[in-house]
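Enquirer: Can you build the whole structure from these sequences, using the hints too?
Order-wise, the sequence lines are chains A and B. What the first sequence shows, in my numbering, is residues 220 to 488, in sequence order. What the second sequence shows, in my numbering, is residues 67 to 618, in sequence order.
Simulated from the structure, these hints should not be mistaken for laboratory data. Fair warning: there could be bad hints in the mix.
Unchecked claim - Not the full set, but computed from the structure, chain B residues with beta-carbon under 8 Å of chain A:
1. Asp-118
2. Met-123
3. Val-127
4. Val-160
5. Pro-161
6. Gly-164
7. Gln-165
8. Ile-197
9. Val-352
10. Ile-356
11. Ala-364
12. Met-375
13. Val-376
14. Asp-476
15. Ser-485
16. Ile-486
As the list claims (entries may be wrong) - Per label pair, the in silico range of CB-to-CB distance:
17. B/Gln-560 / A/Ala-320: 50 to 60 Å
18. A/Thr-443 / B/Thr-407: 36 to 46 Å
19. B/Arg-518 / A/Glu-442: 54 to 64 Å
20. B/Ile-359 / A/Pro-323: 31 to 41 Å
21. A/Ala-346 / B/Arg-372: 33 to 43 Å
22. B/Phe-94 / A/Thr-443: 51 to 61 Å
23. A/Gly-398 / B/Leu-408: 45 to 55 Å
24. A/Thr-443 / B/Leu-294: 36 to 46 Å
Even for Gly, the Cβ is constructed at its ideal location relative to N, Cα and C.
Chain residues, written in single-letter form:
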Amino acid sequence: MKKLSARRRHPLAAVVVLLFALAATGGLYTAFAPASKAKADDTAQSLAIEEGKKLYLVGCASCHGTGGEGTTDGPTLVGVGAAAVDFQVGTGRMPAQQPGAQVPRKKVKYNQAEIDQMAAYIASLGAGPAVPTKNQYNPAGADAAVGGELFRNNCAQCHNFTGKGGALTYGKYAPGLEGVSNKHLYEAMQTGPQNMPSFPDSVLSEQNKKDIIAYLNEVNGPETTTPGGMELGGLGPVVEGLFAWIFGMGSLIVIAIWVAARTAKAKKS
Amino acid sequence: MSTSANTNPSAADAAGRSRGKAPAGEKFADWADGRLGIYSLAKANMRKIFPDHWSFMLGEVCMYSFIIIILTGVYLTLFFHPSMNEVVYHGSYVPLQGQLMSEAFSSTLDISFDVRGGLLIRQIHHWAALIFVAGMFVHMMRVFFTGAFRKPREVNWLFGFLLLVLGMFTGFTGYSLPDDLLSGTGVRFTQGAILSVPVIGTYISFFLFGGEFPGHDFVARFYSIHILLLPGIMLGLMVAHLILVFYHKHTQFAGPGKTNNNVVGMPLMPVYMAKAGGFFFLVFGVIAAIAAIVEINAVWVIGPYRPDMVSTGAQPDWYMGFAEGLIRFFPGWEINFWGHTLVLGVFIPLVLFGVVLAAIALYPFIEAWITGDKREHHILDRPRNAPTRTAFGVAWITMYLITLVGGGNDLWATHFHLSINAVTWFVRIGFFLGPIVAFVVTKRICLGLQRRDKEKVLHGRETGIIKRLPHGEFIEVHEPLSQEQLYTLTAHHQYELAEIGPTVDENGVERKVGVTQKLRAKLSNAYYGEDSQVQKPTVEEYKEITSGHGHH
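Expert: Here you go:
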């Protein structure tokens, strides 16, 4: 101690003390500083959110705002959940081509990986329904008859008996459900896109949704058979009437003309 | 070989026959004639003459499709259960397994999937019904536009009109029988229309449905109406319609040798027997082919009716479509007073429904009143020679078509990417404006065609051959018409105006002229005034042009 004490007035003493103090402060900082950012950096989820945000800023932010807060051109996306993104972008509705009564289904612009990234970003903004797993929407073993009853009770008002679609006010419409994948059917029911009301699990349980999907596959899917022949679009009496007039009455008139033209002539002229 | 044997076998045969061994056919004919008197009936009618024109076969289309409907309908009654008892379905259509439904619906499913030939017969029945009503429509248009409803055929026109209206309601009660969600919505629609009738509406509804809608009775009641009451009346009317056609004899188009007192054509036996018989099979064939190829009213995907369910895209069969349209385009007006509601938004369309139909029934009488014509008419008008009548007909059809658009406004909206509100407004405006435009345009076209006929009579047919005259002028060569063509083009009668006469008598005192008389004079002017018909060429005009310096 004497030695130290003796050198306390040494010209370098202050430097040494400073070095010690710096080392202590730095050491304490590294020991106690919050380390979350560094810890999460390498997980897939945060990478997806990062990438999703980039895609979002390019493709969606002009209408939905840079933070998903919504603008006059598009609603807020906070809390819509990954399922909504997967449906809207996965069916090509988003990104929208132009504002209008309703955004139509069109060619899908992103691949599934990109859609998942955007969905992850939107999900990170606020809690919402997640993308359903295959187990949730697979209609195998579901009851199509119950599904039909549920469909007629909850969906047919807008989507027609068999999901052929129908008109709503001022140019809005309930689209036809032909060729919509099981996953997208499930997501639509869960999230209620555009003018559609949503049917969360508290309204239509997971089993109910499966039943409805099973019914739609039965009556309006790729393997649907029409036992009576051509279904003429399945739109019912209007088309049937048109067909009866044009092809039924039309051909009968042509036949009448043909029969009348082929007559026994009293005098050949 | 004995010489006393019969040397002339044929003589022996003849002798044998005269002793009462007539051929079986003759014997049967004698037997039948002795009991039914068919000989004189057949003699009078077998050689009945019918004129030849394709449009005269439209009525046959109706008759044949009606017969097809009756035949297939009988088959369907064997398997259909007109009951609203609730049953659980266990038939072969999987997507309805275990569902609660009425016996009517479940038996319709059984007819479609489990009865041999059931689906085909059902589809023939339904397609034939659509074609039947369409056929009556076209047949009626033919009669209307050619003026075949004039004296002495007004009553037959009414018979035909009744057949059309009854056909519509038979169709309605028929497609309501399966008790599916689509037709149930239609029955509910009808019940709503009945309820809108002031005072008695509620009573009628309770009477018809045996209490609150839907009750447990309407399928059974509609069944009786559909298979017994209405077709029975229709069958009677159809027979009466045909008897009157025989009695009046068929009308014919003007032409040389065809007068108001004869019918030029072919005899019923054998020509028309063969033609009509063959035509029956052609009609049956066309309907059966359509029914085999194209599905109609697939009730299994529509599902059973439940009053708490409804689907979009719910329309009636086409012949009820204009009623649907009237309701859809009419604003939802209603008046509330002293605790009662008058639903004008439904009641006025219901009245219009009647007015639109009544217009068809009354037209012959209105026209007869305007013309004051008491003569019989067996020669048909060409539509152009009755411009105002033709224009009325086209205006009516235009209005009908526009209300049909209204009835399918949602399909127009979805398939042409339009706003359903815009379609409805188009129908609202078009309902009033469309017929007026159609009327004016049709009348113009008719007058134009009349002028062309006149031109053809006076100057001949344009040959398209251009001739150059020595002094350099180019003219088109007109070929004079034959005597027959001239006759055909000038055979129609043109009415004189119904004049009110001078408004003051010879003493200068004002004469009383009734309101109806004034109206009649006005209508007569609209029908046969200078602006409504082109005076057909007179003999003098024709002679002056053809005898003088020729045509050009």
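Enquirer: Can you give the numbers of the hints that this structure goes against, from lowest to highest?
Expert: none
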